[in-house]
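Engineer: Protein chains in written order, with the working numbering: chain A, 1 to 293; chain B, 1 to 318.
A portion of the hints provided could be inaccurate.
A few chain A residues that face chain B, going by a derived Cβ cut-off under 7 Å, partial list only [unchecked claim]:
1) Val33
2) Ala37
3) Leu46
4) Val118
5) Tyr141
6) Pro244
7) Ala265
8) Val267
By construction, these hints were calculated from the structure, which means they are not laboratory data. Beta carbons: idealized from backbone N, C-alpha and C, even for Gly.
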Amino acid sequence: MSATTASTRPGRPGRHRDRFHRGATRWLILAVVGLVAVVMVTPFALMVMNAFKSPSDYSSGSPLALPTEIYTDGLVYFWHRVDFPIKLWNSIWTSALVAVLGTFLSLFNAYAIGVGRVRGRAWIIAVFMIANMLPQEGLIYPLFMMARRVGLTDNPWSIVIIFTVIQSAFGTYLLSSVLGTFPRALLEAAELDGASRWQILWRVVYPVVRPTMSVLMIFFFIWTWNEFFIPLVMLTSGDTQTVPIALSSLQGDRMLDVPTLNAGALVSLIPTFLFFLVFQRTLTRGVTAGAVK
Amino acid sequence: MPAPTRTRPQAAGPRTRRSRRRSLPYLPYLIPGALAFTVIILYPLVMNIWYSLHKWKGGMAPMRFIGLGNYSELLADEKFWSSFQNSMFMIVAMVLVPTLIGLLLAAVLFDYVGKHFSSSVASTLRAMYYLPQILPVAVAGIVWNWILNSQTGALNSILRGLGVDAPPNWLGSTSLALPSVMLVLIWIQIGYPTVIFMSALQRVDPELYEAAELDGAGWFARFRAITVPQIKPETFVIVLTCTIAALKVFAPVYVLTRGGPESSTLVPSYYSYLNFFDKSKVGYGAAVSTVLTLVIIVIAGVIQVLQNRSARREEEGR
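Extracted from the complex, chain B is given alone in its bound form (with noise of 0.2 Å):
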């Protein structure tokens, strides 16, 4: 963003006065939203940061100042650590697996299928990718919850079907509910890498790949070569986002599992909503969510300024 100030270094003082004279009238709009922005995140932000100081039963409860008390209090949490372990997983499971695999659908879909076959049937598949995407989380949470289930699921039923005489207990058991969740996960996000793919590959030159394959550069050369550094900008924003919404996953536990079995698929979110609503540790979970919170945000300005740097070099090396 700070791109356009950059731009015109040699503004000097009376120019700058005068436009900030010409922006003092577009303040006004700025005002609902700084309003609304004030009161719906910023006050609760902060709230928040303050009951997590406090011990407290929550509601009408009467607040007890600890200090840091809950936060040293986690650190010995086996819970909180495992949660943020999941949280590894998650990332696996949302960024790693499915920036990889959309990659390669879209290359094939954009390279291969629609030129060897014709448009329509490479953004019919697409869009057969994509489904999972706009469908609440919840609607994709029960169905997966029904399939998976050890005793009247579909897939067990399938497995019986095929002659297996005990077919594992996917959700229910503490070495399988992980991946089983992580594999919805994937079916789940799988759609939005290769939309956003494709679409950035459409953008990449076509005289390039033309240049590299009159050098005699094969398929994979030129994936390397182009495809890869050409769709860096898109690449980071899936990162990015995927990474996020890794760190804040809660529906699809909620609904497959709870956490369970034994907090095997325990996340940060899902551990603070339990103490908030649950335990009735108000405070505790409020330090939870402060922690994810931080997490989040180093983590999304770590992400940014790997970009921004990037980007520099790239614009550099021109």
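Bound conformation, chain A alone (with noise of 0.2 Å):
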């Protein structure tokens, strides 16, 4: 019996194909969720397409014409248009500031949360979780009257203390989750070496939550990267804005041309896609760990 199922089990397709998976039905089901995924990718590659036209080649061809001949102008006048670089930069260096220092904030509340196992730690739990689902509306004006207050309006710090705060609330969520089921004998192993609580934290907790730590980065880097409604209210000034700020702020342009706003689009959305191609894998696993831990 046992042999039986072990050996029609790699050959189950088979089985099911002359039940009533046969030819048509299995190529039918590809075309449906295909059918899909290029509904999904089409709004991408109407705006690749339409990215590279000229003006003329735009208003006189339908949108799923491919270009005549490869415009880059409206790329060209795009990244002038907004000082690209700049907003790159804003944008690359507070993402990554929050990604370490919000991991890391992380750690210390997981630590104590985890491993410490301090007192009432249900409770802290429960309010780091409010804190990840508060709307950021209910804190934006006092916010934005302390930003005033300390002299960081305009200012692209502003957007990395808040958004390591916000961010290490989901963090330290996750950590404190897998740090609860972290081995006692190891712990107490180190405390009989005479390692002092400093020392357990880097020696012997960090190596093991490093791969955890590392999905948590990647993810605080990409949330911070398409935050819209603080940096749209805190940062005012062309020198200071991120890459989504930027963007819509071409909104309503008059000067602005279809081509040059997908342009527009298509470069400011490079970078997130990159990063994508680069960790899709560690990406799907993290959505993952979020949702059953």
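Now that you have both chains on their own, put them together as the hints suggest.
Structural biologist: And the structure:
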């Protein structure tokens, strides 16, 4: 019995196919899910195609038509019009700093909660969770006033500080549940060897959670990169804005033609897109890690 | 979270006291987090409630205490109510539809495409569904804003090419703007539940399916009796996170319609933003965002309680 199941298992599709998954249905279903995928990607394809058209090329043909020649003036125009390198740099350094600072802040919190089993930890985690869910509208005006008082108006450092705290709320939740199951024997052995709490954190705990921390870093980076509301309010002048804000500020710009707008959108998503390609596996694993734990 | 404490009820006085003493040295590690949390989250949250009790033009202008005045004004404010009504539509677009479609896509990809073709076909498709999730919402909004533009947009110029004389004004008419925004949100959201459900399905023991199959259960019977109950924890997480995201939604509305036309796509977060930075009614905006915050906390609490209850029932059933 067990031998037959074992032997039919790899060939199970064969039995299926005989019953109701014969030839045509199989391709039909693939066609349906494939069609959904095509629909999902169509906006990107349209954007890429139209980013390389000249304004006259765009107005004369259908948006579905391929560009007659590769026209890059739209890209160049967008690049200069919004001082793209400055926005790119602002997005990179704020997101990177938040990723690193937020992760280490999460680690400290999680060390106390998960390993230290501080009293009231269930409540502490609940509070951090709430912080992560809060609508940013409920914090923005006081934060705006505070930034003004400490001289961080229109300064990307305000973004770094705020998002380090907001992201670390999620990080604390995730890392605490990972560290909650940390092998006690390892900690006790280190303690017997005379290691201090600080040494245990860096020599015993940190190496074990480093993979989880790198997933968190990737997440914090992308989340901060994509943030819209708080940067929109906090960063008002061109030199301080991030990429998404710079792009949206072009809306309603009467000087702007459709191909340039598409070129701008294209340029703005290239960094995240590259990031996505490189970290695709880590990202999907991370999404799920956050969901199950 | 309270589970670990419940599992060792026999740990009596001396032991807990010992562990309490042992946890003390860890407290300093909580100081940076607690401090940062107080300054960036707690203090602003309290201040926002404080602002909501005032009439205030913002900035250096004088504040005038009016108690619950802003809140009673809210009760009679039609825009406020319609913004929350639109939140319901956002929940349909960001929770209900994507979760159902995501479940279906994940089941088909995992069960069918992965087995009958190859797992690389399945993961390629999954990546394509997930793509809208990774790009900045602002970029997605800009692209869709162009696609849906009535004059220069891609959709209408395609429709015109097909011979439609007067294609609709997708984002500019009061009856179509909300459905159009919902469509964009569905497009953005689908990848998230799909990815989570796909990994949830990997977790399910294949022997369950084999046993059911031997009993003669068809695909749908197996889906209903095994798949759906097995992936319940993930479903709860998706519903919780997406409902909160739907209530908070701001960037797509800002980029696509700015709440218009005639507040047909107004949502609470955009309404509070409008009061804060456009109408200079800071106290009123603070009242709107305080109500929104409360609604989110209550809904999240309710979902959490439901989840705990269902998890407990499952444990007892076993």
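Engineer: Determine which of the earlier numbered hints do not hold for this structure and return their numbers in increasing order.
Structural biologist: Hint 8 is the one this structure does not satisfy, whereas the remaining hints hold.
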